[in-house]
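Student: Kindly produce the complete structure, drawing on both the sequences and the hints.
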Amino acid sequence: MDSTKSTDQTAINMAESKSVKGKAPATYNVITKATPIQHGGSKRGVAIFDFVLRVSALVAALVATITMGTTDQTLPFFTQFFQFQASYDDLPTFTFFVIANAIASGYLVLSLPFSIVCIVRPHAAGARLLLLIFDIVLVAFTTAAAASAAAIVYLAHNGNSNTNWLAICQQFDDFCQSVSGAVVASFIAAVGFVFLVLLSVVALRRR
Numbered sequence: 190m191d192s193t194k195s196t197d198q199t200a201i202n203m204a205e206s207k208s209v210k211g212k213a214p215a216t217y218n219v220i221t222k223a224t225p226i227q228h229g230g231s232k233r234g235v236a237i238f239d240f241v242l243r244v245s246a247l248v249a250a251l252v253a254t255i256t257m258g259t260t261d262q263t264l265p266f267f268t269q270f271f272q273f274q275a276s277y278d279d280l281p282t283f284t285f286f287v288i289a290n291a292i293a294s295g296y297l298v299l300s301l302p303f304s305i306v307c308i309v310r311p312h313a314a315g316a317r318l319l320l321l322i323f324d325i326v327l328v329a330f331t332t333a334a335a336a337s338a339a340a341i342v343y344l345a346h347n348g349n350s351n352t353n354w355l356a357i358c359q360q361f362d363d364f365c366q367s368v369s370g371a372v373v374a375s376f377i378a379a380v381g382f383v384f385l386v387l388l389s390v391v392a393l394r395r396r
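First residue of the sequence shown: 190, per this note's numbering; consecutive thereafter.
Do not take every clue at face value.
[To be verified] Listed next, with one range per pair, are the computed distances between beta-carbon atoms: (1) A356 - I288: 23 to 31 Å; (2) V306 - L355: 46 to 54 Å; (3) V390 - Q360: 41 to 49 Å; (4) A336 - D261: 18 to 26 Å.
Everything labelled a hint here was simulated from the structure, so no lab data went into it. These figures come from a predicted structure and were not determined experimentally. Even glycine gets a Cβ: it sits at the ideal position worked out from N, Cα and C.
Tutor: As structure tokens, then:
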């Protein structure tokens, strides 16, 4: 009788050990299959935010380009020989500003399909790397244009007594308001490019 009980207990223990060992690989497989899905979802979320940010930067760059490119004011009083007029193309800095923001707007339009590719295929590193390189270039480009135009706007508002530069915004108030708004919009676009670079770096680090 004793030998029969010991044999039954041994058989039960072996069955329990086999059942425990058989469950472990199933749990491990569930964990490993869930990990790529989580990474893909986070990458797709970053790509969607990248697309929204590109559209926002595009709107800001277009506003800066159109506002500065259409800025023109003529004072109501003039003489037979002199007409007091202020236009953006009177200053090379403002001309460069318009060209730089127009280029930034064109680039942002062309970059939207690549951003959509990153949404559809979040693990595609080639498109993300290409966007990162051009975004870095446009950060420097738009920042230089906005900073140089901001210096001219500051002189227009305050002048410089050391160089006998007069403040013209007391007379050309509409002109100064328009160019100031264009500079603000350009800085918003430049900040948008900075965040686009950061998003691309985050997406590439999670690859």
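Student: Can you let me know if the beta-carbon spacing of V306 and L355 is within 46 to 54 Å?
Tutor: 53 Å, holds
Student: Is it true that A336 and D261 lie within 18 to 26 Å of each other by Cβ?
Tutor: Check passed, 23 Å falls within 18 to 26 Å.
Student: Does the hinted range 23 to 31 Å hold for A356 and I288 at CB?
Tutor: 26 Å Cβ-Cβ, so the 23 to 31 Å window holds.
Student: If you check the beta carbons of V390 and Q360, does the distance land in 41 to 49 Å?
Tutor: 47 Å, holds
No hint from the list above goes unmet by this structure.
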